[in-house]
Amino acid sequence: MSENILEVQHLKQYFKVRNGWKLLDLKAVDDVSFTIKHGQTLGLVGESGCGKTTVGRTLLHLYEPTDGKIIFDGEEVTSKNITAMRKKMQMVFQDPYSSLNPRMTVEDIIGEPLDVHKLYSTRAERRDKILSLMETVGLNAEHATRYAHEFSGGQRQRIGIARALAVDPKFIVCDEPVSALDVSIQAQVINMFEELQERLGVAYLFIAHDLLVVQHISDRIAVMYLGKLVEVADADELCNEPVHPYTQSLLSAVPIPDPKITKARQRIVLEGDVPSPLHMPTGCPFRTRCKYATEQCAQVCPELTDRGNGHFVACHNR
Amino acid sequence: MAGYDLNKTPDKQILSMQLDLSKFEKATEEEKRQQDVMSESTTFFKDGMRKLFKNPLAVGSIAVLCLIMALIIVAPHFVPYSYQEILSVEGKRDKGAKNLAPFEYSKAEQAYIAKGNYRFPHIFGTDEQCRDYFIRVIYGTRVSLVVGFFASIIVLIIGLIYGSISGYAGGRPDLIMMRIVDIIYSLPDMLVVILLSVVLSQILVFKSGSFLAMMGSNMVSLFIVFGLLYWVGMARLIRAQILSIKENEYILAARSIGAKPGHIIRKHILPNCLSVIIISTALQIPSAIFTESYLSFVGLGVQAPMPSLGSLANSAREGLQSYPYKLVFPALMICLIVLSLNLLGDGLRDAFDPKLKSK
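Those sequence lines, one after another, are chains A and B. Those letters in the first sequence? Residues 1 to 318, by the working numbering. Those letters in the second sequence? Residues 1 to 359, by the working numbering.
Hints may contain errors.
In silico DSSO-like cross-links for lysine-lysine, where the CA-CA straight-line distance does not exceed 30 Å [as the list claims (entries may be wrong)]:
1) Lys-46/B with Lys-23/B
2) Lys-69/A with Lys-246/B
3) Lys-12/A with Lys-260/B
4) Lys-170/A with Lys-95/B
5) Lys-23/B with Lys-51/B
6) Lys-87/A with Lys-267/B
7) Lys-12/A with Lys-246/B
8) Lys-267/B with Lys-27/A
9) Lys-46/B with Lys-88/A
10) Lys-80/A with Lys-118/A
11) Lys-129/A with Lys-95/B
12) Lys-16/A with Lys-260/B
13) Lys-170/A with Lys-46/B
14) Lys-88/A with Lys-267/B
15) Lys-246/B with Lys-16/A
16) Lys-80/A with Lys-98/B
17) Lys-22/A with Lys-87/A
18) Lys-23/B with Lys-80/A
19) Lys-87/A with Lys-260/B
20) Lys-69/A with Lys-95/B
21) Lys-95/B with Lys-88/A
22) Lys-246/B with Lys-118/A
23) Lys-118/A with Lys-115/B
24) Lys-26/B with Lys-46/B
25) Lys-22/A with Lys-98/B
26) Lys-80/A with Lys-267/B
27) Lys-22/A with Lys-69/A
28) Lys-46/B with Lys-129/A
29) Lys-115/B with Lys-27/A
30) Lys-37/A with Lys-22/A
31) Lys-170/A with Lys-115/B
32) Lys-37/A with Lys-129/A
33) Lys-267/B with Lys-129/A
34) Lys-69/A with Lys-87/A
35) Lys-98/B with Lys-118/A
36) Lys-129/A with Lys-260/B
37) Lys-87/A with Lys-98/B
38) Lys-12/A with Lys-37/A
Quick caveat, the hints were computed from the structure, so don't treat them as lab data.
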């Protein structure tokens, strides 16, 4: 068994988009590679529309990948073995309101993975499993017969997490699990994620756009821009010594609760908008907004290169 | 600060800027419980039913429908005549009992009553073949309701299966399936109904005495016509519903769990479009009754002597000027049934449509 639970190699996900009479490729994810170690967390950050969610969904084959390899636990994930793979890989969704069926009780929602994979032999066993899952995520047993709309956002997200944990997965894709929640509840849910990781040894792909949250929970962080990874490094290193200009600007936008520091530091404001993924700039996707851009950037797309200490950056000039 | 008790909240001094610490004391158990009041757990169905019974129009139409149902079940047991029986008094055919007005007795009957016997009144009078009209209307209502009910179920089943497959599959299968629906939709349905009824009534031959033979080949062809033509509206409706429900994240969640399409349709999609299904089925019944009445009216409906409301209205047309009440009774019955089913359908929509929840 290798030390990586998940290895993604040159993953590509193109969507066909009809633009008038022409069929265009929308390159939502373009040649993305990364690895996640057993029991560790990779944070994936980037602005909206950069393909973070698509990466997460493609990992679970909710979209058929256009190209590339996903190797989970030493085995390649294909559309044939995906049902078996979904016993080990699960997903927590962003919106706790629309990700739970309004016509099902909590018991049925959490029990659904058990039903689908037939993980119990008697009704009593099913119920026991569900109740212990509810306890794991901090829900009362008496909530089992209630409907999802009777809960608050934080509680609903706990239900979603319990559902993901039902099959006892080794890896969970967390697709912005806290961005729809209040800040006070975010902390609770994030602490619960960490606690579960310690207890059950699950690995996470933690997708978010809040760098502070990601730094807190992740071992490593990957920064994404327009379907490509631009920088991958250990969490603290990336936040303290960002190399890629895009990461630098992202970090400069993170609010710091200290007025002195905030006054002293310089905010890097990017100019212009994100280019449309239908009309990607040639070469480096970030060059249209990058102050270091040169002639070379317009011609050759930079590869992720190792800058030592496991810090990968895709930039010609930095 | 001698004598300061750590466990007690210090009192607030007048004019002191100190916060009133009594406001920050821990909540008692009772106060905590007050915070956790949650609305009572109700199922979607119970909630809808509760709202339905608050709607006076819907309750009224349910009452009318129940009354009609009770009438058509009970009446054949206490009315001593049958729908095809030509009236007779003491074994002799009563030739005077032709076209009697409501509650009128023929001469032979009057003589019979004068002897001290009891004769059940002709509540709606009699028809031109000396048959009791009340029991014929009752049987006509039976036929119409049966047609309405079964035709709607046929439409529902075909539309449901076709619409959910088309909506769930999406893409090319959906495109092809919907074009087929469009073609069927574009046929003038009355023309097809008439053609099919004519052709089918000659092809279909049943064993005498069987249930199908009792209904008559026209009735069976009516069901076939419904099965062939009228499901398209339902299929479109359900497809549209499923297309919108499919976009919800819980469908994606179910897929990520590893659920099969059949499971997703049954557990997630159909329960969520149940309200639309119930409503449109309720509204389908009156339209089926109307079609049946229309076909019987033009002579393509049920086979004589079995009456239906439409064929009764048709035969009443001939003597309309002398005996207008013969048209009024079946027409009134059709109106009552169709109106109350329509109102009930509206009530169901108001009760089950989640978008009208605030009402």
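Status of each hint after checking the structure:
no. : hint                     : verdict
1   : Lys-46/B with Lys-23/B   : 42 Å, violated
2   : Lys-69/A with Lys-246/B  : 28 Å, holds
3   : Lys-12/A with Lys-260/B  : 25 Å, holds
4   : Lys-170/A with Lys-95/B  : 90 Å, violated
5   : Lys-23/B with Lys-51/B   : 42 Å, violated
6   : Lys-87/A with Lys-267/B  : 20 Å, holds
7   : Lys-12/A with Lys-246/B  : 25 Å, holds
8   : Lys-267/B with Lys-27/A  : 34 Å, violated
9   : Lys-46/B with Lys-88/A   : 38 Å, violated
10  : Lys-80/A with Lys-118/A  : 19 Å, holds
11  : Lys-129/A with Lys-95/B  : 80 Å, violated
12  : Lys-16/A with Lys-260/B  : 25 Å, holds
13  : Lys-170/A with Lys-46/B  : 40 Å, violated
14  : Lys-88/A with Lys-267/B  : 23 Å, holds
15  : Lys-246/B with Lys-16/A  : 20 Å, holds
16  : Lys-80/A with Lys-98/B   : 78 Å, violated
17  : Lys-22/A with Lys-87/A   : 40 Å, violated
18  : Lys-23/B with Lys-80/A   : 62 Å, violated
19  : Lys-87/A with Lys-260/B  : 14 Å, holds
20  : Lys-69/A with Lys-95/B   : 92 Å, violated
21  : Lys-95/B with Lys-88/A   : 86 Å, violated
22  : Lys-246/B with Lys-118/A : 24 Å, holds
23  : Lys-118/A with Lys-115/B : 79 Å, violated
24  : Lys-26/B with Lys-46/B   : 39 Å, violated
25  : Lys-22/A with Lys-98/B   : 78 Å, violated
26  : Lys-80/A with Lys-267/B  : 24 Å, holds
27  : Lys-22/A with Lys-69/A   : 29 Å, holds
28  : Lys-46/B with Lys-129/A  : 29 Å, holds
29  : Lys-115/B with Lys-27/A  : 99 Å, violated
30  : Lys-37/A with Lys-22/A   : 42 Å, violated
31  : Lys-170/A with Lys-115/B : 95 Å, violated
32  : Lys-37/A with Lys-129/A  : 28 Å, holds
33  : Lys-267/B with Lys-129/A : 21 Å, holds
34  : Lys-69/A with Lys-87/A   : 19 Å, holds
35  : Lys-98/B with Lys-118/A  : 72 Å, violated
36  : Lys-129/A with Lys-260/B : 22 Å, holds
37  : Lys-87/A with Lys-98/B   : 79 Å, violated
38  : Lys-12/A with Lys-37/A   : 22 Å, holds
Of the numbered hints stated above, those contradicted by the structure are hints 1, 4, 5, 8, 9, 11, 13, 16, 17, 18, 20, 21, 23, 24, 25, 29, 30, 31, 35, 37, listed in ascending order.
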